[in-house]
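Asks: As a plain string of letters, each chain reads:
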Amino acid sequence: MGSFPNIRLQLPLVAFLLELLMIILFGVFVRYDDESDASKPDALTGNSTFLYRYASFQDVHVMVFVGFGFLMTFLQRYGFSAVGFNFLIASFSIQWATLMQGWFHHLKDGKILVGVESLINADFCAASVLIAFGAVLGRTSPVQLLIMAFFQVTIFSVNEYILLNLLEVIDAGGSMTIHCFGGFFGLAVSRVLYRPGLKKSHPKASSVYHSDIFAMIGTLFLWMYWPSFNSAISERGVNQTRAIINTYYTLASCTVTTCILSSLVDERGRINMVHLQNSTLAGAVAVGTAAEMMLTPYGSMIVGLILGTLSTLGYKFITPALEKYLHVQDTCGIHNLHAFPGFCGGIIGAITAAVASEATYGSRLHHTFPSLDKHPGRSLGGFQMAGAVVSLCMGLVGGTLVGFVLKFPIWGAASDEDCYEDEAYWEVPEEEVTLIHTVTRKEQAKEETVAYELEPQIPAH
Amino acid sequence: MGSFPNIRLQLPLVAFLLELLMIILFGVFVRYDDESDASKPDALTGNSTFLYRYASFQDVHVMVFVGFGFLMTFLQRYGFSAVGFNFLIASFSIQWATLMQGWFHHLKDGKILVGVESLINADFCAASVLIAFGAVLGRTSPVQLLIMAFFQVTIFSVNEYILLNLLEVIDAGGSMTIHCFGGFFGLAVSRVLYRPGLKKSHPKASSVYHSDIFAMIGTLFLWMYWPSFNSAISERGVNQTRAIINTYYTLASCTVTTCILSSLVDERGRINMVHLQNSTLAGAVAVGTAAEMMLTPYGSMIVGLILGTLSTLGYKFITPALEKYLHVQDTCGIHNLHAFPGFCGGIIGAITAAVASEATYGSRLHHTFPSLDKHPGRSLGGFQMAGAVVSLCMGLVGGTLVGFVLKFPIWGAASDEDCYEDEAYWEVPEEEVTLIHTVTRKEQAKEETVAYELEPQIPAH
Amino acid sequence: MGSFPNIRLQLPLVAFLLELLMIILFGVFVRYDDESDASKPDALTGNSTFLYRYASFQDVHVMVFVGFGFLMTFLQRYGFSAVGFNFLIASFSIQWATLMQGWFHHLKDGKILVGVESLINADFCAASVLIAFGAVLGRTSPVQLLIMAFFQVTIFSVNEYILLNLLEVIDAGGSMTIHCFGGFFGLAVSRVLYRPGLKKSHPKASSVYHSDIFAMIGTLFLWMYWPSFNSAISERGVNQTRAIINTYYTLASCTVTTCILSSLVDERGRINMVHLQNSTLAGAVAVGTAAEMMLTPYGSMIVGLILGTLSTLGYKFITPALEKYLHVQDTCGIHNLHAFPGFCGGIIGAITAAVASEATYGSRLHHTFPSLDKHPGRSLGGFQMAGAVVSLCMGLVGGTLVGFVLKFPIWGAASDEDCYEDEAYWEVPEEEVTLIHTVTRKEQAKEETVAYELEPQIPAH
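As given, the protein sequences belong to chains A, B and C, one line each in that order.
Taking my numbering, the leading residue of the first sequence gets 297, the next gets one more, and so forth.
Taking my numbering, the leading residue of the second sequence gets 297, the next gets one more, and so forth.
Taking my numbering, the leading residue of the third sequence gets 297, the next gets one more, and so forth.
If you're looking for bench data, these hints aren't it; they were derived computationally from the structure.
Warning: the hint list may mix true and false statements.
Remember, identical chains collapse to one label, so a pair may be satisfied in a single copy or spanning two.
In silico SDA-like pairs for lysine to any residue, Cα to Cα no more than 20 angstroms straight-line [as the list claims (entries may be wrong)]: (1) Lys336 x Val685; (2) Lys612 x Cys689; (3) Lys336 x Thr656; (4) Lys407 x Val454.
Please take these sequences and the hints and turn them into a complete structure.
Replies: Written out as structure tokens, the structure is:
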């Protein structure tokens, strides 16, 4: 320590140029939509987007800012960065996503019309960036993260356009567009930024007692609000309600399964907080695409059972193997929570779509799969599967390219020894926590004896 | 320490068998209801259950997973277990509750039809299990908790059926079905599992500074969302809104009263975090049954005043007495937050129902008390009171029976000395916290002197 | 230490008298409104206040109790007081606000009719009190805070009446009525209560690592739910949705700007948690008045850019200057988060109102500015500006008067040396945290060496 990076030039400059660009482009392109423009008539009573979407939007908003932010506070000395960089790059990403998604999807007479659904979609896109952040957590500067966000939002929007408009797949909860893409993007970035010096475990790349509890705040808000995430932009009515129900039961089953597997792989049956914090959520990722389909409640629970199993085993076996054999460092294990479960979600969606029929969906088959209107009889499953593969490839290729941009040695990355340490980029209060490493078990035992001897003599004050 | 239990066999086995049973039963019985089945027509605009219930459901969901979970993190070394076991048993309970409640209330042509209201009711039932968990917090293994959840959900559903379908009482906020039943159930379980070895206070059965703040996260989310809890399944319209208003003012008054009493029973007028974390909520428990009645806002505040008083005094005097004289150990003091206030809620509901008349309710008397349709002129108050007594008895008897099941020495319970300690069932990071016990006040004073002497000489780095 | 105040007489007495007064006045005045009274017909389907307001209310409720409460936990030894006193005075304030606002705005046949909107408005008023609390955080007793709340709610309601009913300005998000008034009120109180003994920085008037993370819980819930805050009482329909959109983009831009400025004023470009916790929110305060106007999305972002800049610079330069030259101690820097941004919000609202025309608002100009109905052609901008000035003056004068009431030496204020210390008013667990101050960097370095030497020899247990 002692030679922390100085980013007083880079951070303000890059962030200011990006923010200025946003404001100018908003000035040129962004206008209120019909449900927010004062000069437009109000939506019919009981039918406004606000009524059907706003509560869900707020839930998604909490997932993005508190959920992802606190989930990453598990590191002992990286809490400021986890929650702070999450805050910064999500705030930037939602602006840029409004523009990118607007150009692709909501352009009318050369203007982007924004409403409540724009906010949800912008938050979704930001989630994808935060997933990638999880892979490189502790090893990147905020400048790198802003640049990554800029490019990732751009590529995300292209990929989303390919899936939703060209392949015409459905992906309500974003298994493919958000999780599979974002996850593999992050893993590719991390591969390019590989730091051999961190091969041996870094002393600060682990949790302490309280940081694990902070992380549970993130986990639980993600878990509780995921039914809103997977249904936030579903077609109103039965599809939206079904997406909620499917996600709810998937998560319940996934949580029980995670505890089963976590206990099973420990020599005395203990549960591991890493598993509880992450694998409990994998089912919701994997049910994202199929959530609004007729997956059935027990089908949802089977998804939870499978993903809880695979994700927990992934944390135990795949993450170390990825680092050892493929040189992919993955701080939060996003491979097991987003990348792989997201791809599974694509497969599950493809299977569920392939077996969709009027017997199950009745006259509303076309409401759930609107592409059938234009292309009757198309292979729904095939196109869904293509969407998953495209997302995976776009993530890997995009992440690799962006990784090389981030590798330029001008973005203020910290040295290996200062990784996973808030002091690199934050004013940190003087005391506490560092102390925690310093008392060894031997000293502890000794002091404990002393303490027990002295305690009865201490007068209550 | 050193001989922590090994539950590598029991936990995975019991949890897997239970989860497998859930999936099979869901496969046989559970289907989407009319508002979530793709083949059914949509509800009329502005009239869907989603619109009236979903925001409330999400609030209840937060109460169950973050509210109860974090409220119990107040112990210094039991945060993983508090929030983790809460997560596990709630996730299991909502599945089993869907089935049990479905068989009793939503069976149609041999199938259970689930919708948004099913999720709310399942969460309600899980809350009852979590209440009982509070009594035995720190002294049970996760295997015992899963088994308790299985039986408690079963008995809960029977009791709920007796109250709602046989006695035809109303209990929107669950004072009787959830709190009174769950509270006395937990106390009975704890009585059967009495550990004489813990009679003398365990060194870890208390809070530390940060754990008390974590617990406030739980308290506040419970407190803030309780208006949603008490109104989540009320009849839509005026009843639902009234339940919100009554709960809001009850809680406001209860919080002020709790501070009054807490200060009054301390020798220099300090407030006690235990009271603030718990007694502030007792009013909402006690207003649960009457919340949708014409209790009036000032009536609600009187409920808050009385319960804030009784609950705080309960923590000060009743909880220690229960342990001393009745051998009931009650870690979270659920007697004062759920059991007793829940029974009071039954009484308050009975009184409010007894005085209900068309003068107050107008032509809508039957909307609020639907049992009058079938049984005009029945003693509303008498039946409500019967519901409270039945819930109390079912809780005591059920808890006693289940307690004996949990007493079998095969469920991996920790030894007395390892109680209130996460290391028994969790992989815990190496350092921190344990240290905290070891520095005595005497040493502290000494070191502080040293610190102040040295501080000016430390160069800023 | 050792001579902590004893408030066993004052706190219970003052709080009980106030609570008793509330219950009596509620009994005399408060009744259910038409949407919560059982004898009244239900609102038309899809048109109830519940549907349009309840989710927003719950968001505001979270901001008041968790947002403000946790934002103030940043002090190392004042977390119980921050979250606990916040809880107490907010609970009292919402009761008194219901009465005061009811007398001014909702009196019908001598009765105050309460509904969902009453709860929102009561929470708004409580927010104003909590803002003032931020200025004196750590230096007042709970008795003083209750008395302050009583008078501040009273004066708030008078000021609100002047603005909304006499000047007929609009102020949906309360830039003027809540933030400008509450902020200057708190600064004036703090000026009167000036403690010269705390001129030199108090050792406990700063954060520690974990307390800064707790504070981020407050920041983020305020930030995420602020779109609900600014739209919670907007006219339903396009105005409400527009207020959401404007606040969302203001906050995004303000957060990026705060990081830019925070980095720019540090010698090696680090970000400061104080700025991130507070200045990121300043934009939302300043957009409160104009949120429901046609500010445009890019206009909102410019507001965020300006306020993020001014607020961060305020924390760096104005707060220390206020203390040094004007003897205004401002623990949370509410000058930079509420007082000044609130006044800016008044100005921004005045400008936006001044340029409002039918070209932009169409036939709905009068929906957004209802005062035009009675006074066609009035100077909207002039009246809005008058509202800001009145709020500022009412805050300063009211705060000064109330400050003198609080100065009586009978309210149990702590001595200078016991400021910023929970032990003055709370039962605090014995161990932890105090320790944290005692290990100097020099010792740390030494112990770290020891630890690294010993670590490999410690057997895993």
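Asks: All hints, please: hold or fail.
Replies: These are the hints, each one checked on the structure:
no., hint, result
1, Lys336 x Val685, "neither (42 angstroms within a copy, 33 angstroms between copies)"
2, Lys612 x Cys689, "neither (26 angstroms within a copy, 47 angstroms between copies)"
3, Lys336 x Thr656, "between (40 angstroms within a copy, 10 angstroms between copies)"
4, Lys407 x Val454, "within (19 angstroms within a copy, 44 angstroms between copies)"
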